[in-house]
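**Student:** The lines below spell out each chain.
2 protein chains.
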Amino acid sequence: MNVLIVYAHPEPRSLNGSLRNFAVQRLEQAGHTVQVSDLYAMNWKTTLDAHDFPSRDADARFNPAAESGHAYANGLQREDVAREQDKLRWADAVLLQFPLWWFSMPAILKGWFERVYAYGFAYGVGEHSNQHWGDRYGEGMFAGKRAMLIVTAGGWESHYAQRGINGPIDDILFPIQHGMLYYPGFDVLPPFVAYRMNGIDDARYATVRDALGERLDALFTHAPIPYRPQNRGAYDIPALTLKADIAPEKTGFAAHLQDQITADRAATDRVTEEVE
Amino acid sequence: MNVLIVYAHPEPRSLNGSLRNFAVQRLEQAGHTVQVSDLYAMNWKTTLDAHDFPSRDADARFNPAAESGHAYANGLQREDVAREQDKLRWADAVLLQFPLWWFSMPAILKGWFERVYAYGFAYGVGEHSNQHWGDRYGEGMFAGKRAMLIVTAGGWESHYAQRGINGPIDDILFPIQHGMLYYPGFDVLPPFVAYRMNGIDDARYATVRDALGERLDALFTHAPIPYRPQNRGAYDIPALTLKADIAPEKTGFAAHLQDQITADRAATDRVTEEVE
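Top line first, the protein sequences correspond to chains Z and L. Going by UniProt numbering, the first sequence opens with residue 1, and the numbers climb by one from there. Going by UniProt numbering, the second sequence opens with residue 1, and the numbers climb by one from there.
If you are wondering where the hints come from, they were derived from the structure by calculation, not from laboratory data. Computed from a predicted model, the values in this text were never measured in an experiment. Just to be clear, a hint being listed does not mean it is correct.
Claimed, not checked - A few chain Z residues facing chain L, derived, Cβ under 8 Å:
{"hint": "1", "residue": "SER158"}
{"hint": "2", "residue": "GLN162"}
{"hint": "3", "residue": "ASP245"}
Claimed, not checked - Take a look, some chain Z residues computed to stay more than 10 Å from chain L by CB distance:
{"hint": "4", "residue": "PHE22"}
{"hint": "5", "residue": "PRO54"}
{"hint": "6", "residue": "GLY69"}
{"hint": "7", "residue": "ALA73"}
{"hint": "8", "residue": "GLN85"}
{"hint": "9", "residue": "ASP171"}
{"hint": "10", "residue": "VAL193"}
{"hint": "11", "residue": "GLU214"}
{"hint": "12", "residue": "ALA223"}
{"hint": "13", "residue": "LYS250"}
By construction, the Cβ of each residue, glycine as well, lies at the ideal position given by its N, Cα and C atoms.
Bound conformation, chain Z alone (with noise of 0.2 Å):
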């Protein structure tokens, strides 16, 4: 299979760095081709401007969706852009490994999702009606691609738990796995996080190691997260607020995750309306 590891760490001798070169490794051996857009080396453009639409009228009014919808339907794109594009629609799966910065990931691999992922190509993607409100989350142009975070952390496991000061860390990728990653159609692996990174000796860096070296035997295998998709039921369109007969109790971010006893009630439900 095709994996595209997307790495954000600006120095290669970094335990980033040996762990990306693990990942490569291990990944090959298990006789799967891996590309690396390594965005620090690449001298990757952050700023998404207006610079990034060479083509465009420089007096009119920058709008970033409509230049970028444009720009995409059009082949107008700039190359460092189309090229990572291109990247997408070759991988099975994309890993993004990078360092957790103020409780998200680095600029420079923002930088690369607002870029990357023009109009047309990961959002404003498929009919927009009160039935159907676009291709995205759980449909759109990664349908059947798989992704996962490779992520590394300074502080402590406890203080990322579910009573941990910095909030619990699935919460934190939520933004990341479900508005990112499920948004335009990715199956998203549970995280693959690494605390307490900072100083760590080679007893724990060879256990991190053959932790990570699992999950990627497990990467075509392993059940990724069961976020609801938009289109199939779950949702009142255009409200795109859970049914009332979804997980009644639940709010916030678990209220998008299945849960397979409610789902098989909610079915039940319908059942019976329909009988009714």
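Start from chain Z and add chain L according to the hints.
**Tutor:** What follows is chain L alone, placed relative to chain Z:
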């Protein structure tokens, strides 16, 4: 009072540009002094990298936190970074204004935080022991200052509701409001969020503008979000999980909000223990 607006939109003739101009005017009319960091207009360097530290040993391994701490402590920072830090010292309140791109701030603003929030300035501050885990989450360089987000979104308010498909807006913004603003000591006001902002007409613009005006008028009187301070007894240190008797039924981001009833009960519990 002194107000700093950090503004991240590429087009001055946009809705965001109009709201920014309005905010400056409204604040100045109220007698405040305003500075604007217009990141796109400043051609802000987004990416934190080794070029930020021109006096470093170019052959040494690049550790961003260590390098940042050294440069901050020894007056070796780049001038653009030092200038933004001076603005933060000067400000009594900081407004961060941006469009929500992929459920977070634009990369250019994320990069502003990564570069301006030096080690020793916004993190790595204060005693670090098993009694006091750094001056953070309620203490730190910005204690006594206020901060507020001004956010525009294309999506509808219902999409960001408690059961909306994007997740609740307060949870989406938690890593910013709690993790980037409360962390170094800001009192964080509830955000001003304007929804469905694509192609709005004059009447809706007037409504949004007036609502923003009211929030700006209350900038120094509105009650901040009641996050729990880290070092005043609510958390076990160093695990940094909420103590078992504090809001025992709560998990997730919401657990870090002080609940007056819960706080009273916890105080009563502790008094009871002392009596026993």
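**Student:** If a hint holds in the structure, say so; if it does not, say that too.
**Tutor:** Here is what the structure says about each hint:
no.	hint	result
1	SER158	holds, 4 Å
2	GLN162	holds, 4 Å
3	ASP245	violated, 12 Å
4	PHE22	holds, 18 Å
5	PRO54	holds, 15 Å
6	GLY69	holds, 13 Å
7	ALA73	holds, 18 Å
8	GLN85	holds, 16 Å
9	ASP171	violated, 6 Å
10	VAL193	holds, 15 Å
11	GLU214	holds, 27 Å
12	ALA223	holds, 22 Å
13	LYS250	violated, 8 Å
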